[in-house]
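With the hints as your guide, set chain B onto chain A.
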Amino acid sequence: MSTLLSTDHEDAGQHGWQHRLHIDAPLLFALIGVSALGLIVLYSAGGEDMELVKRQMLRLGIAFGTMFAVAHVSPGLLRRLTPWVFTAGILLLLAVLISGTSSGGAQRWLDLYFVRFQPSEMMKLAVPMMVAWYLADVRLPPNRFQLLASGIMIAVPMLMIAKQPDLGTALLIASGGFFVLFLAGLHWRIMIFLGVLAGAAAPLVWHYMHDYQRQRVLTFLNPENDPLGTGYHIIQSKIAIGSGGLYGKGWLNGTQSQLDFLPERSTDFIFAVLAEEFGFIGILVLFAFYVFIVVRGILIAIQAQDTYTRLLAGSLSMTFFVYVMVNTGMVTGILPVVGLPLPAISYGGTSIVTLMAGFGILMSIQTHRKLLPT
Amino acid sequence: MLRQLTLKDHLHEYHLFSNRAITLLVICGLLLLALLSRLLYLQVIEHEHFTTLSEDNRVKLQPIVPNRGLIYDRNGILLADNFPSYRLEITAEQIDDMPSTLAELEEIIHIREIDRDRFDKLQARKPRFEAVPLRFHLSDEEVARFSVNRHRFPGVEIKAGLARHYPQGKLGVHAVGYVGRIDEQSLKNIDSSNYSGTTHIGKTGVEKTYEKILHGTVGVRQVETTAQGRVVRILKRTPPVPGQNLYLTLDSRLQAATEAAFGDYSGSAVALDPKTGDVLALVSMPTYDPNPFVNGIDYDDYAKLRDDKDEPLFNRALRGQYPPGSTIKPFIGLAGLEQGLTGVSSSTYCPGFYMLPGSTRKYRDWKRGGHGIVDLDIAITQSCDVYFYDLARSLGIDRLHDYLQHFGFGQRTGIDIVGELPGLLPSPAWKRQHNGEPWFPGETIITGIGQGFFLTTPLQLANATSVLANRGYWMTPTIIRAEQESGQDALLPHRSQIAETLSINDRENWDRVIHSMVDVVHSLRGTARGIGTDSPYRIAGKTGTAQVYGLKQDEEYDAETIPEELRDHALFIAFAPVDDPQIAVAVIVEHGGGGGSVAAPIARKMMDSYLLDEPV
Chain A
1 MSTLLSTDHE DAGQHGWQHR LHIDAPLLFA LIGVSALGLI VLYSAGGEDM ELVKRQMLRL
61 GIAFGTMFAV AHVSPGLLRR LTPWVFTAGI LLLLAVLISG TSSGGAQRWL DLYFVRFQPS
121 EMMKLAVPMM VAWYLADVRL PPNRFQLLAS GIMIAVPMLM IAKQPDLGTA LLIASGGFFV
181 LFLAGLHWRI MIFLGVLAGA AAPLVWHYMH DYQRQRVLTF LNPENDPLGT GYHIIQSKIA
241 IGSGGLYGKG WLNGTQSQLD FLPERSTDFI FAVLAEEFGF IGILVLFAFY VFIVVRGILI
301 AIQAQDTYTR LLAGSLSMTF FVYVMVNTGM VTGILPVVGL PLPAISYGGT SIVTLMAGFG
361 ILMSIQTHRK LLPT
Chain B
1 MLRQLTLKDH LHEYHLFSNR AITLLVICGL LLLALLSRLL YLQVIEHEHF TTLSEDNRVK
61 LQPIVPNRGL IYDRNGILLA DNFPSYRLEI TAEQIDDMPS TLAELEEIIH IREIDRDRFD
121 KLQARKPRFE AVPLRFHLSD EEVARFSVNR HRFPGVEIKA GLARHYPQGK LGVHAVGYVG
181 RIDEQSLKNI DSSNYSGTTH IGKTGVEKTY EKILHGTVGV RQVETTAQGR VVRILKRTPP
241 VPGQNLYLTL DSRLQAATEA AFGDYSGSAV ALDPKTGDVL ALVSMPTYDP NPFVNGIDYD
301 DYAKLRDDKD EPLFNRALRG QYPPGSTIKP FIGLAGLEQG LTGVSSSTYC PGFYMLPGST
361 RKYRDWKRGG HGIVDLDIAI TQSCDVYFYD LARSLGIDRL HDYLQHFGFG QRTGIDIVGE
421 LPGLLPSPAW KRQHNGEPWF PGETIITGIG QGFFLTTPLQ LANATSVLAN RGYWMTPTII
481 RAEQESGQDA LLPHRSQIAE TLSINDRENW DRVIHSMVDV VHSLRGTARG IGTDSPYRIA
541 GKTGTAQVYG LKQDEEYDAE TIPEELRDHA LFIAFAPVDD PQIAVAVIVE HGGGGGSVAA
601 PIARKMMDSY LLDEPV
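If you read the sequences in order, they're chains A and B. Counting from 1, one number per residue, gives the positions in the first sequence under this note's numbering. Counting from 1, one number per residue, gives the positions in the second sequence under this note's numbering.
Check the hints yourself; a few may be wrong.
Claimed, not checked - Have a look at the derived ranges for each label pair, beta carbon to beta carbon:
1) Lys163/A / Ile182/B: 52 to 62 Å
2) Arg112/B / Glu51/A: 40 to 50 Å
3) Leu16/B / Val156/A: 26 to 36 Å
4) Leu335/A / Thr51/B: 19 to 29 Å
5) Ala92/B / Tyr212/A: 24 to 34 Å
6) Ala198/A / Leu16/B: 22 to 32 Å
7) Gly76/A / Leu16/B: 55 to 65 Å
8) Lys163/A / Gly161/B: 50 to 60 Å
9) His72/A / Val231/B: 47 to 57 Å
Simulated from the structure, these hints should not be mistaken for lab results. Since this is a predicted model, take the numbers as computed values, not measurements. Idealized CB from N, CA, C, for every residue including glycine.
The shape of chain A in the complex, shown without the other chains:
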């Protein structure tokens, strides 16, 4: 572990190939590990459907390919492109709001004739990039004006996505922007003020929420209230996890999963399948991978050589963690049901590509460092 986690400058020479290929081996191996575990669980969750696993492998291949490609974009170029990417993202979001095709009751997709594209996915990366770009040149911690400007950069895309409505992605974008601000040294006083403000705004938010979103919150507060309707997901998921016990029921033997009691078991609720079939031990293995990835990302951020890359790397790593926590919190019934997949495990979605692109940025930051003596 210590060699894998070490990012000392001396190692750069030893791992010259990593620099040449712009690959961070520890991150890569951890991501491959999680993906492999994901495929194993997916095979069981999908009812031993090899086709499903193949499609997921194809998707993972594209995602890893994207990661390698992004890793070759130097941080400098990325930084120069940032305002353009952000502006393009905002315009695309506007396009979705105006003419986007409806999919699953929510307007998220933009039909580009050859591919259906989700601009909100792009904003997951563009928002932290933009805030980091803006704060890279100012003296940190940011002053009130800069905070306000950053706040607008975060709030505008977030509200546009929440309007689609896609609460989960909006949440991730907000947290991505927030982590940049936090790492930039956002004052604790202001955070407390923001927290109080958020608490006060809660009734207002409730007022503007969609019925299904309100339902999810109510269900979260009391799932037994509606055991056959919206509460069913949580109840069945808790049964799956709890009955898994310490060692699990064994691969392909989870009754909750195999007999259809667990809804959305290949996608949002796949964590419950893992918990049922591999038990607490299986969960520890998964979390070992996740923790390793987050810690590795933070270390890359700490060692980054300028403010832009540092803030960006830190924010991307933390957003990944939020991703994991929101999904597992939802599946275990300690957070409301927000439609977020379990990163690198859940089947489908374009989110895996965005996620891997984010790790591509981390790898780029790690491998484009100039070997300067400190």
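Using the frame of chain A, we list chain B on its own:
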């Protein structure tokens, strides 16, 4: 803003960042701990609870319906059996548009209004994933038509099962009874877990009385199912215990001969084996076919049966209450002998009417000119009313009531078929309670010839005759001869039970009364001499005529001018052979007129059938 303020302090920013990054890692660690404790709580502390819930999800219990026991007559002729039948079932969960599915089904399968109603009711009660029957007894043609169109109806299935069938149709329906679909009311009286899956239950007759034995015990299939209820595999199977077969005491040949003997008459006849109490025949005419009732009879067909003026659904043998008329005379004669109020040699003069001292009211004898001087033998043989008016007065109503009670009048015989009525044996106490009036002496007089308030059922009359034939041993009438475990050859016979033994002062009194009853059939002046002349065995009997309509003081009874529904009921009781009684019968022919001319020939045919015909 001063330029120097915007200058970046890289080292300061690095430290600021590192501090913040480490703070975040710590917060992450704490959140992770919270999540892991949640998981430990679910997976370790609450593990058993959730394991139970998971098993409840996965394992479902499915009932396996036991096969209903068969019903045979005493000679092994099948009266009720089960035959394969197909029913159409619909699982609501799998139907998108129920009304249009039903409309399309109607094009290929006949669906009656009653089927729809039942289906709607059942559907409201059952969970959506459970299949609910829409039609029973599909014809082969309907099964074929549906099979061809099957792909058009996901969620609609044909299931095979066993259905109750009565191969003898109308024969003995009032004894055997029938099964019908379980309704809300019968649900209350049964162990619903034993009946899960069972669709039919005994509604009348033996089918109802012996429901428990016939039904058997439900079996259980433990299956693993998906969330939608589809069975994945069978985990465990407890086979059902089939219902036991029943062998009735009924002789279906005798039953058939009796039903035929009634012709177009309504009425009832019961034949008992005096030695055992076996019910050999239990006839109520007219009869009806129970088969349509099994799967819900059409409203129109049911209304036709219900509104028929001859009341085929009415079980006259158990529930018909008729005045016994003169058939009561041997029993009253016995009471008189026992009390020493009459003797073989003592006689009365019959002028054709009777008057109570100090009253002008005339109680007529059926024979206008009177019988002249009569003793007990003549009084029974010729059915002299005046003799029994006088004897009833001498006995008094209380003694009369006590004696007749010993023969089972006014009380249920205890036969093992549900629905029996007790008849009515009047007494001053009963009248006070019921009418709030005192007992009048004239009411005692007419009780002496089985009129007035006195009512008996055909079964009671047959039972009393049987007691007479047994000279005091009263065997409880029973319809069950033996039970048989399904799949076994051995029969488990039912033991006959002595309900009561009548002890009398002088056992010769039995012979005296029976001798008079033999004279009824075999003497030249007997009222049933028509059936005695060519009989190869000796019969003891008594005729009776029960008034339906009270004649005024000086009115003539003329069968020709009186409408049929007001004509007298004809009765006859008998047992044979006299020396070794094997059969005791009671016959009531509604509005038949004379007991000797109408009822006695039916009884003779019954006894011939039972005593003379070669066994099958």
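Do the hints match the structure? See the list:
For the pair Lys163/A and Ile182/B, the beta carbons lie near 57 Å from each other, so the given range of 52 to 62 Å is met. Checked against the hint of 40 to 50 Å, the C-beta distance between Arg112/B and Glu51/A comes to roughly 49 Å, which is consistent with it. At roughly 27 Å, the beta carbons of Leu16/B and Val156/A sit within the given window of 26 to 36 Å. A C-beta distance of roughly 24 Å is found between Leu335/A and Thr51/B, which places it inside the suggested range of 19 to 29 Å.
The hinted window of 24 to 34 Å between Ala92/B and Tyr212/A holds, with their beta carbons roughly 26 Å apart. For the pair Ala198/A and Leu16/B, the supplied restraint of 22 to 32 Å holds, since their beta-carbon distance comes to about 24 Å. Distance hint check for Gly76/A and Leu16/B: the Cβ-Cβ separation is about 23 Å, which falls outside the suggested range of 55 to 65 Å. The hinted range of 50 to 60 Å is satisfied by Lys163/A and Gly161/B, whose Cβ atoms lie roughly 58 Å apart.
Between His72/A and Val231/B the beta carbon distance is about 55 Å. The supplied range of 47 to 57 Å therefore holds.
When each numbered hint is compared with the structure, a violation occurs for hint 7 only.
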